[in-house]
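S.K.: Once you've looked at the hints, dock chains B and C against the given chain A.
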Amino acid sequence: MITLASLFTPDMIWGTFIGLVIAFAIPMTLVAFGGMYSEHSGIVNIALEGIMVIGSMVAVAVARSLNDVVKNGSLPSWAAMIVVILAAGIGGSLFGLLLSFASNALKADQTIAGTALNIMAPAIFLIVSTAMNNGIETDWMSWPSWYKLSPDVFGVTERGFIRSLTTYTICNETTFFAIVLIPLFAFILYKTRYGLRLRSCGENPEASASLGINVLGLRYSSGLISGFLAGIGGCAFTLANTSDVYGDVAGLGFLSIAVMIFGNWNAVKIIFAALFFSFFKTLGNMTNILANSENSFLQALVSFPMASVVFAMLPYVVTLLVLIFTSKKSQAPNAEGKPFDVSRRS
Amino acid sequence: MTNDNTLPMKKSSSFRNFFRKPAVRSIASSLISILAGILVGFLVLLCINPAEAPSAFINMLKFPFINQTSIASIFYNCAPILMTGLAVAFCFKAGSFNIGGSGQFLAGATCAFVPAIMFHAPWYLCLLCAVVGGGIVGSIPGLLKAYFNVNEVLSAIMINWIMQFSFYMICQSNTSIFVENGLTSKVSNVSPESILPTWGMESVSSNFTIGFFLACIIALIISFLIEKTTFGFEIKACGLNKDAAKYAGINEKKNIILAFTIAGILAGIGGAIYILMPASANSGLDVKYTAVPGQGFDGISVALLANNNPLGCIFSAFFIQYLTYSGTGLGSGFTHKVPSLIVGIIVYFASFVALINILLEKGIIKKPKKRTLKKKEVSVKTEEVK
Amino acid sequence: MADEQNKIKEISNTAVSSLNDKEENNYIVEMLNITKIFPGIIANDNITLQLKKGEIHALLGENGAGKSTLMSILFGLNTPENGVIKLNGKEVKIKGPNDATKLGIGMVHQHFMLVDCFTGLENIILGSEPADKLGVIHTSKARKEIEGLCKHYSFNVDLNLKIQDMPVGMQQKIEILKMLYRKNDILIFDEPTAVLTPQEIDELMNSFRELIKEGKTILFISHKLNEIMAVSDRVSVLRKGKLIGTVNTKDTDPRSLSKMMVGREVQLVVQKKPAEPKEPIFSVRDLVVHSSVKHKDVVKHVSFDVRKGEITCLAGIEGNGQTELIYALTGLVKQKSGHIFLRNITAANQVIEIDHYSVKKRNESGMAHIPEDRHKHGLILDFDLQSNMVLERFYKPPFSHYGLISKSKIRNYSDHIISDYDVRSGKGSSSSVREMSGGNQQKALVGREIDRGCPLMIACQPTRGLDVGAIESIHKKIVEIRDEGKGVLLLSLELEEVMNLSDRILVMYEGEIVADLNPKEITLDELGLYMSGAKKMDIKPIKDELIANSTLSKAIVTDGDKTMTDEKSSPKKLGPKEKLLISGLDSELKKLSFEKFNSQNNAKKEDK
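Residue numbers (this note's numbering), protein chains in the order written: chain A, 1 to 346; chain B, 347 to 732; chain C, 733 to 1340.
Same shape as in the complex, but just chain A (with noise of 0.2 Å):
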């Protein structure tokens, strides 16, 4: 008989498998809620993933000169924290706000352009590297030791659910700023007059210019609140897949593109789905892990032969899935991908 108890014990698989399926649900909702805001205000952005990789960069690079800083005292570690993030989301919409330019001032296919940035991303990531390892070549870069929270400090010590859980929600830093942000930007979204009027640019921008809102002003501030959102997304991601920093997501901006679409462009549809499709892939990264532990039910669910290649394959066939059975009656913003030019002959 299968019971509750036999399913679920608190222990520290447990704990490592629901605080890794928040830990990565958390810069999906991040990602896809820039690209949520940048779609709903008509710019189509496929840069996410190049976006993600620059404020990764942003917040390491910051964070390991801020090391003689934290190290000497006269900054506590929770400021440099603080620091260390909003650089990310600053580097992120800095490094948008080249798309923002090439589609709103230039009037640019923002698919390429989106590409385009994806393929400097890397580029970029690797020559900051080299330079802050002096010259030799390497493709990562490390946190400083006070950047790494571990579940001591909170006074978790002892073993088990709690201690695993903490490990991915709390020591990453950016689960505070989520908590704050993922709501925040939501509210604003369908309850401000500055949401209401950047909806209306993603769907009838010429009606917007003749009640006399700046469409392009509008393009350009969501454009650096997507660039934003997306950074910081970028730097939680680094922390919660491995220790060091590379200058890859994995996909994971096009996996938060396809949380957007699967969350239909709402804000809290794509809470869920984000947290739908972290729970693919944690399965996919813990499968040697739970093809190990004593939990019947955990171990059943990976013990097929090459059961992590599969997992880590399911949420990209999911999306596949998804796309394939809502596509037909999606919500787009209307006028997404088209330039909006001002200077019209009425």
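No lab work stands behind these hints, which were simulated from the structure alone. Quantities reported herein were computed from a predicted structural model and do not represent experimental measurements. Fair warning: there could be bad hints in the mix.
Stated by the list, open to error - With a cut-off of at most 27 Å between alpha-carbon atoms, the simulated DSSO-like pairs for lysine-lysine come out as follows:
hint: 1; chain 1: B; residue 1: Lys599; chain 2: C; residue 2: Lys1093
hint: 2; chain 1: C; residue 1: Lys1209; chain 2: C; residue 2: Lys1093
hint: 3; chain 1: C; residue 1: Lys1108; chain 2: B; residue 2: Lys600
hint: 4; chain 1: B; residue 1: Lys588; chain 2: C; residue 2: Lys1068
hint: 5; chain 1: B; residue 1: Lys592; chain 2: C; residue 2: Lys1093
hint: 6; chain 1: C; residue 1: Lys1068; chain 2: B; residue 2: Lys600
hint: 7; chain 1: B; residue 1: Lys592; chain 2: C; residue 2: Lys1032
hint: 8; chain 1: B; residue 1: Lys588; chain 2: C; residue 2: Lys1139
hint: 9; chain 1: C; residue 1: Lys834; chain 2: C; residue 2: Lys785
hint: 10; chain 1: C; residue 1: Lys1139; chain 2: B; residue 2: Lys599
hint: 11; chain 1: C; residue 1: Lys1108; chain 2: A; residue 2: Lys107
hint: 12; chain 1: B; residue 1: Lys588; chain 2: C; residue 2: Lys1128
hint: 13; chain 1: C; residue 1: Lys1068; chain 2: C; residue 2: Lys1093
hint: 14; chain 1: B; residue 1: Lys599; chain 2: C; residue 2: Lys822
hint: 15; chain 1: C; residue 1: Lys1275; chain 2: C; residue 2: Lys1209
hint: 16; chain 1: C; residue 1: Lys894; chain 2: A; residue 2: Lys269
hint: 17; chain 1: C; residue 1: Lys1093; chain 2: B; residue 2: Lys588
hint: 18; chain 1: C; residue 1: Lys894; chain 2: B; residue 2: Lys574
M.R.: Relative to the frame of chain A, chains B and C by itself:
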């Protein structure tokens, strides 16, 4: 003649007319994109190490031309991205962005690789398998778009990753024959008859297979197809206005599926050319699943730089390959990825090529003076209105 | 040169200001010596337009006359090269819609500036949202205010509906409310009745009168003479960028206005000899078409024949299923049930069932069609003109052999159409269609379809958006092919065209054919009654050998005989919608009758 309110057109000199030709404008705008990219690349080098940057940069640009072998390597190595470039360009003509080049490339490579290793199949059979594999994988975004209205960019991205995972699983199923040091086994060691022949080019370089010439011929065929055939006419019509094409009786579903299938075949051949090279030509494919092959994205750069012109792709593929190769000539202290950055910047500039066209028009041709009204022009010639 | 120019400016300014001194208090808006130049064209050429407070002023002109440009300047969407705008005698600068709104000027565009997925309320407050310091929107006060406005002007509007779920008339009311909410006093309407049903037109005219009572001033652009005659106080006529004149409406008539607008005598009636219909060429039996957008059958068991040598017109108010019917006939949409036949095309008594034919096959079988929307369905704007001229035939000889295209043959053909159908373009056959004017695009499209020489022509709104001259020439061509013995199925929403061009009228109402009329034997009033559903003819469903022999015949359900509704004997219960439709149609028909009466009168005058 009725009283008109149009203004007379200024007659321009033949020099200006030359730059008005669309072909000239698009080549000029590509050149401007390239210059912009190189300039920014140089600036980046300056930022890293101002002292050594100028000489390093010049060395980098000269590097590929040091000897015949190097120059030859640009030719035979640009064939794969020429094919993926054609794949992207052809789809653009049909009105879609083919971002799935990497997955299609991989499909072709896998379908050529497996028969070669396992059955020692001759090269033309391997190529044929690549055509089938690339075509099948390429057709999926087209089918999904035609029947389910799925955005082709997103489906293609998912397929890229799914293909990467599939490739990994195939290789892992028998690592002893397929994998060597984390890369695909060298086909030339296992099955020399599967390698593309050199047909006389070995005097230039032992790696110079017919791949490059095959790719050029295919580019010619594609160009002919688009411009001179009814099929090309249909493809262009669907790309420009799906609804009008449908109203005129053109089957837009069939055309988008065909466009993607052909794109898949093209990229697949690119993959086959890549994998069926002698051992010293390239290192093979990475057997892992954390990234997809970059040739698909290079293909996007190739197509954009060539303004989606199949014949232009030959030149842009050569150029991009040259640029990538030149990166290895950068000394220590600079990363060999600088050309990759340059390429990214070129693509960025190419994304707003329309604006560059307009700039060209305004720069070479003077902006018409703001017409102030002279008394004569405000003609008072009214007609009899009772 | 500059001195001369300045002198001219001085003189004209003093002239206008002296005018002002005399009638100082009357003009609320003055646009003086407005000149606007776009590359290659003078859109507005020294136009002076003066609006009196509290009047309804009409702006009349053909396509391309400069009316919309002038209004866009007043609303701030464009800035003039020359000229001055005055409000109540004071000079003002209007640099954008915000300036215009602040000055009390509002505009309703021809294509509504509404966000489809927002509600009515959201659209009204957009840009002027009631929000607190943080930017959070609070709608209750705004809602009350707007509901008050609705009550005051008797607007029947549901503020919580999304625009995409609203009928067009309600959407227009939302646009009007936008202006009223912003306390605009000068209201500009650009072709306001182009998209309305006759009932909605009447409601709008009533709204105009209410608004004037409240002290607003209305300026509306139109090219419909009957509306202008019915509701305006003064009319200004523009032609090719110049102001021809401003007249009081009561001092003029449609014929004079038309002359001012076009500059020459215009036939308001199509010259044609009586039709000589022969055997049927096209038959529809029991056709049912379902619309997934509207979730219902929009064409219900329609049966009719189109005969050779006759122009059959599908008439009716837009939205009663005509568009979907045409889509099914041409093959763009698959019908739910029913049959379509081509007959007597190449041999007598020949019957071809084309239910499952693709668009391509229907084209090849002898069906030509002019689509309603030329930009969407008719032409590929980024192709050159010559490629567009062979869109349906490029794969056949002589334009291509064995799959290879012959550019020279295509070019020759295109040149022939250009000369035969008077298509004007910058570079002839190699011009990009996008750069051609709408009228010339339509002429090219019509030319392409007529020149195919198909025995059946399905023409949808063939003269939409065209000026009177172009309309004349296209009507002529259609009559020509009719006289050659071809069958024409015409879909038209312009009652003039319906009455004058067609030989036989099939009225569609709510997806069914409710009348089969001879235009010479009915009056406009009767036509209107059928169009509004107040009257239905006894049309027995056709049961002939076509259905019996059809290979795909399913059990055909007939609705029993439709009894004739005579208002006197057994009055049909008219719902409120029908009543409004009738009353609206009545006034519309009255305007038409007036015009026809006038034209007949003038004809009589000339006879003497």
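S.K.: Against this structure, judge whether each hint is valid.
M.R.: Structure-based check of each hint:
no., hint, verdict
1, B:Lys599 / C:Lys1093, "16 Å, holds"
2, C:Lys1209 / C:Lys1093, "25 Å, holds"
3, C:Lys1108 / B:Lys600, "20 Å, holds"
4, B:Lys588 / C:Lys1068, "24 Å, holds"
5, B:Lys592 / C:Lys1093, "12 Å, holds"
6, C:Lys1068 / B:Lys600, "23 Å, holds"
7, B:Lys592 / C:Lys1032, "25 Å, holds"
8, B:Lys588 / C:Lys1139, "22 Å, holds"
9, C:Lys834 / C:Lys785, "18 Å, holds"
10, C:Lys1139 / B:Lys599, "26 Å, holds"
11, C:Lys1108 / A:Lys107, "23 Å, holds"
12, B:Lys588 / C:Lys1128, "21 Å, holds"
13, C:Lys1068 / C:Lys1093, "19 Å, holds"
14, B:Lys599 / C:Lys822, "61 Å, violated"
15, C:Lys1275 / C:Lys1209, "35 Å, violated"
16, C:Lys894 / A:Lys269, "21 Å, holds"
17, C:Lys1093 / B:Lys588, "18 Å, holds"
18, C:Lys894 / B:Lys574, "49 Å, violated"
The structure is inconsistent with the numbered hints 14, 15 and 18, although it conforms to all the rest.
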